[in-house]
Amino acid sequence: MARQVTSARTVREAPRVRLMNGAQVLMEALRRQGVEVIFGHPGGASLPIYDAIYDHDTIRHVLCRHEQVAAHAAVGYARASGRVGVCTATSGPGATNLVTGITDAMMDSVPIVAITGQVARPVIGNDAFQEADVTGITMPITKWNTLVMDPRDIPRTIPEAFHIARTGRPGPVLVDIPRDVSQELFEPTWPEEVAIPGYRVVTDGSPNQIAAAAQALSAAERPLVYAGGGIISAEATPELTAFADRTGIPIVLTLMGKGAIDEHHRACLGMVGMHGSAYANWAINDADVILAVGVRFDDRVTGRLADFAPRARFIHIDIDPAEIGKNKPAHIPIVGDAKRVLAQLVPKVQPPQIEAWWRQIDEWRRAQPFRYRQGEDRISHQYVCDLLDRLTGGEAIVTTDVGQHQMWAAQWYRPRGPRRFITSGGLGAMGFGFPAAFGAKVARPDAQVIAVVGDGGFMMTLQDLGTAAEHGLSLPIIILNNNALGMVRQWQTFFYRGRLSSSLLRNPDFAKLAEVFGCRGIRVERPEQVEPALREALATEGRPCVVDVLCDPEENCLPMIPSGQSVKDMILDD
Amino acid sequence: MRDSHAATISVLVRNQPGVLVRVAGLIRRRGVNIHSLSVGPTEDPSISRMTIVVDTPPERTESFAKQLRKLVEVLRATAIDGGSTVDRELALIKVNATPGTRMEIMEIANVFRANVVDLTERTMTLEVTGRGEKIDAIVSLLAKHGIREIARTGQVTLVRGAQNT
Ligand SMILES: Cc1ncc(C[n+]2csc(CCOP(=O)(O)OP(=O)(O)O)c2C)c(N)n1
Chain A
0 MARQVTSART
10 VREAPRVRLM
20 NGAQVLMEAL
30 RRQGVEVIFG
40 HPGGASLPIY
50 DAIYDHDTIR
60 HVLCRHEQVA
70 AHAAVGYARA
80 SGRVGVCTAT
90 SGPGATNLVT
100 GITDAMMDSV
110 PIVAITGQVA
120 RPVIGNDAFQ
130 EADVTGITMP
140 ITKWNTLVMD
150 PRDIPRTIPE
160 AFHIARTGRP
170 GPVLVDIPRD
180 VSQELFEPTW
190 PEEVAIPGYR
200 VVTDGSPNQI
210 AAAAQALSAA
220 ERPLVYAGGG
230 IISAEATPEL
240 TAFADRTGIP
250 IVLTLMGKGA
260 IDEHHRACLG
270 MVGMHGSAYA
280 NWAINDADVI
290 LAVGVRFDDR
300 VTGRLADFAP
310 RARFIHIDID
320 PAEIGKNKPA
330 HIPIVGDAKR
340 VLAQLVPKVQ
350 PPQIEAWWRQ
360 IDEWRRAQPF
370 RYRQGEDRIS
380 HQYVCDLLDR
390 LTGGEAIVTT
400 DVGQHQMWAA
410 QWYRPRGPRR
420 FITSGGLGAM
430 GFGFPAAFGA
440 KVARPDAQVI
450 AVVGDGGFMM
460 TLQDLGTAAE
470 HGLSLPIIIL
480 NNNALGMVRQ
490 WQTFFYRGRL
500 SSSLLRNPDF
510 AKLAEVFGCR
520 GIRVERPEQV
530 EPALREALAT
540 EGRPCVVDVL
550 CDPEENCLPM
560 IPSGQSVKDM
570 ILDD
Chain B
0 MRDSHAATIS
10 VLVRNQPGVL
20 VRVAGLIRRR
30 GVNIHSLSVG
40 PTEDPSISRM
50 TIVVDTPPER
60 TESFAKQLRK
70 LVEVLRATAI
80 DGGSTVDREL
90 ALIKVNATPG
100 TRMEIMEIAN
110 VFRANVVDLT
120 ERTMTLEVTG
130 RGEKIDAIVS
140 LLAKHGIREI
150 ARTGQVTLVR
160 GAQNT
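Sequence order for the protein chains is A and B.
Letter 363 of the first sequence, counting from 1, is numbered 362 in numbering that gives the first Met the number 0, and no numbers are missing.
Letter 128 of the second sequence, counting from 1, is numbered 127 in numbering that gives the first Met the number 0, and no numbers are missing.
These are calculated hints, taken from the structure and not from any lab test.
In this text, a Cβ means the ideal position worked out from N, Cα and C, and glycines have one as well.
Hints are supplied without guarantee of correctness; some may be wrong.
To be verified - Okay, the calculated bits of chain A under chain B, using three or more residues with CB under 8 Å as the criterion:
no.: 1; region: 133-142
no.: 2; region: 195-201
no.: 3; region: 317-330
If we strip away everything but chain A, and leave its shape as in the complex, we get (with noise of 0.2 Å):
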């Protein structure tokens, strides 16, 4: 009834003109860019934005109970779905909380739109409270931010902010709004298309570029692709796959790239780098052509550069011009959009002759393949992650946090395609795993989507479980718990002549912290609990279901080439 009231006295007192106010345009700016969800928290700067998501139709509030969580949210659900995502928070302490969060997505590439309170026009610049310079403290961290003055630009601002997040080389733009811009009434308009001056983006590579390197690859004795995220942000993995199913070239892929390719498939040989495999690792070291797609030559990967692929020839595929010739000369190199630049190569490159480098690799592979014990009385890290590949068969969407446990599962999990290995690559962020597998279940329902965390990480946002447990999310959250700083521990034990400087941690009952937020707790001590615990874990419906698997505290993630180091350096496990 009161509702009937209200409408009836707009339409007297309005008869043509709609007035809105700006955060009644943002929530319809956002709208019309597809968005249905919004990972945030309120405060005063923002209270006009939550106004106006108060009686949304169509789009959805998610309160975290950190800004933190709402970021990381944000990019697991971009980096599941393939969408933007978004997140808000208000002015000052909200904004600077989502810093983090924002980062990683700038690191790691990931489209997500960050909308922030600001404080009132007047107040700018006066230290006013809770303000903060948002603009300029995310200045390096976002591909681009802009500080809304004039109410009238949100609806052109808004898809200019997703456009440049989702285009190109995407990641994470910031729209930081002034609570009176937010109040203000006015008329919009809209425009029609997203025309922005001095934005482009290229996406066909040079054809003399492609034709040379479909040559080197066709005339190679021991070529190989290094394949990274980039072929995930451009859905290239059916490229991909053709391009090996044509040539039977080895593939390799990044930390970021995992997923780019069924990592079943033969030509895959799985992570290469630091904790990559000792075959991949070798690989790369004796290549003579390396197919560089969606890759930064990041030194997680490449360890000491000058030692980095020495024999090879660099064909370097990116959508960003920045990156190729960065880190390592690029020998081919195509600027491009992985999609397209492989659907142009694929059909050039004549396969060629590698029997014997596959032997060779072959070999290596025997020689040195991931392995670990698993005995009686411990329970191995490894032995956890490899049940979970084996029980997903690959097609769940593991999110991981930072540390051992996420070396491991990059190394057991074998995700059956993109978008199902979701981890903190760049920039390494521990509180990263339980947010993003949120955001991740929230993006896609249906899927099945698994936390792996270390118990150091998991602590740094574990409060909202509680939000995960109100909205009913079936989320296994599996703690590789070694009462650990376990990666630092690990660096101290081989270089610091093992002082465990503030490395060792005691933790709280993880599984009776999860039953007080509402989720489902389980504890695991013993090596012939895992199994069943993990089966219950992943037919848990309606509510997180916390596995604190007590693992072996001195567990060392291996293979490993120590930081700087090259590939004759790597540490092996015996």
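Please arrange chain B with the ligand on chain A, whose structure you already have, making use of the hints.
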């Protein structure tokens, strides 16, 4: 002083709030010192040109230009690779001058085609335009008279001929 690593980048930007900070910040983040930076409007008032001289080896200059092109507000960024260019800088130099030393300073000014733009009982202010080396040269000649203050605009550069910078 310019060192042997100085390289010039010419950047066209949309004239918007914060664009100077974005450009400068991008360079600072890479640990590189900005030797000089000059900004002013172009033939189109919505577009400004920045000429940036950075202390970086020439082989890194193109990678800077590439990074700069990624800024949404940057319309064009060119690493000037020592081809044929016109480079100019303007300096105001306030030097101690007594009636006894004025003539000598005027002579130096003449050689460098500097203008005297202010004169007091105790000082002279010269305006000189040219390449950075020329300004360095007049400054070193004037040094013995005691330089009170210098203001330099930083270098501006255009490529010679019909080609755009
Ligand atoms: C926010 C943050 N702080 C510190 C680090 C440094 N760091 C990297 S791994 C690690 C230990 C992680 O311990 P845990 O979460 O228990 O995982 P584990 O290595 O034991 O699997 C630390 C402290 C980080 N990556 N992120």
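Whether chain B covers the region 317-330 of chain A (at least 3 residues having a Cβ closer than 8 Å to its Cβ atoms): holds (count 5)
Count the residues of the region 133-142 of chain A whose Cβ falls closer than 8 Å to any Cβ of chain B, and tell me whether that reaches three. Contact hint for the region 133-142 of chain A vs chain B: holds, 5 residues under 8 Å.
Checking C-beta pairs, does the region 195-201 of chain A have three or more residues closer than 8 Å to chain B? holds (count 4)
Of the hints listed earlier, there is not a single one the structure fails to meet.
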